[in-house]
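K.L.:
These are the residues of each chain, in order.
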Amino acid sequence: MTWLAIAGSAVVTYVVRAFAFRVALPSGLPRGVSRYLDALPAAIIAALAGPAILVPGGAPTRGPELAAAIVVVAVVAWRRNLLLGVLSGVATVAVLRLVLAA
Amino acid sequence: MLITVLVVGIPFGIVARQAGLAPAEIVAMSVFIFAGASQFAMVQLFRDGAAWPVIVATVLLINLRHVLMAAALRPHFDVSVARRLAAAFVLTDEAFAMAIGWFRRGRTELAYYATFAVALYLLWNTATVIGMLAGPSIGEPRRFGVDFAITATFVAIVVLGVRRRSDAIVAVAAALLAAALAALGASVIAVVAAGALAPLLVLFIRDGRAA
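Chains A and B are the protein sequences, given in the same order. Under this note's numbering, the letters of the first sequence match residues 1 to 102, in that order. Under this note's numbering, the letters of the second sequence match residues 1001 to 1211, in that order.
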């Protein structure tokens, strides 16, 4: 299962990277298509984060995850630093969960 | 940019280990897939128990953009097919950005791309192993909020990539749609469906060129 997912992912990743190196694409894809492809990765990554922020573990968040996500957005927008953003988010979640559990 | 690879690669090793992946699986991901955001996405999907076709489809969608990057680089790669196919294996957003800047300055040497891309590859794999070895010593994930690290990483990647208003709108729409689908019990298709639908919004948003 895990190995199938890894092998399959390796194949599709290489195929998309190699495709246009091997086959010359007609120059100038329709603008809509290139804008769609451009927006795709961020949308997928945001879609991965959304459920973990709003419905972690399948139940609506009690607040820590949403608050932490807002902290990450603020810190990264301000300092442009990924690691600092992640650490602030993790710290926020840890503290708020402790507070809520108390 | 090389430092960034370490800063992202080490957390990848940590979260992958904490998600219960075996060391051989983690190393294989970095060696054979070599795609940061995709590998984080895979870890989360493994943790959620997603089926392998869902994982492969998600990775495909995340990496589709490389078709455009390869198409832009190709005219500069006036070399044998074998060499172009080798260049494709180490194509990443970072290598693309450095190489296209180099070619736009009128330079033609491909050794620049090769050196930079291979350095990224070696660093990414080194960082993966460091994180993987450090992973188990970090402790019980939920208690310290470490389970949130992967989500926080996704949020940070998205924020760093926002260049226009439409980028932010698409990201928020994708997150909300995926959460709604997950809440309705469709978590298997939530990511792929929300991720594929939300970018359609760009076709309806008029905003300026990238800053």
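Mixed in with the good hints there might be a few duds.
Far from chain B, some chain A residues (derived; all Cβ distances over 10 Å) [said to hold, decoys possible]: (1) GLY8; (2) VAL12; (3) ARG62; (4) GLY63; (5) LEU100.
Listed next, with one range per pair, are the computed distances between beta-carbon atoms [unchecked claim]: (6) A:ALA102 - B:LEU1085: 53 to 59 Å; (7) A:MET1 - B:LEU1203: 18 to 24 Å; (8) B:LEU1203 - A:ILE70: 24 to 30 Å.
Honestly, the hints are just simulated from the structure, not real lab data. Glycine residues also receive a C-beta, built at the ideal position from the N, C-alpha and C atoms.
K.L.:
Evaluate each hint against the coordinates.
P.N.:
Evaluation of the provided hints:
{"no.": "1", "hint": "GLY8", "verdict": "violated (4 Å)"}
{"no.": "2", "hint": "VAL12", "verdict": "violated (4 Å)"}
{"no.": "3", "hint": "ARG62", "verdict": "holds (13 Å)"}
{"no.": "4", "hint": "GLY63", "verdict": "holds (13 Å)"}
{"no.": "5", "hint": "LEU100", "verdict": "holds (12 Å)"}
{"no.": "6", "hint": "A:ALA102 - B:LEU1085: 53 to 59 Å", "verdict": "holds (58 Å)"}
{"no.": "7", "hint": "A:MET1 - B:LEU1203: 18 to 24 Å", "verdict": "violated (37 Å)"}
{"no.": "8", "hint": "B:LEU1203 - A:ILE70: 24 to 30 Å", "verdict": "holds (29 Å)"}
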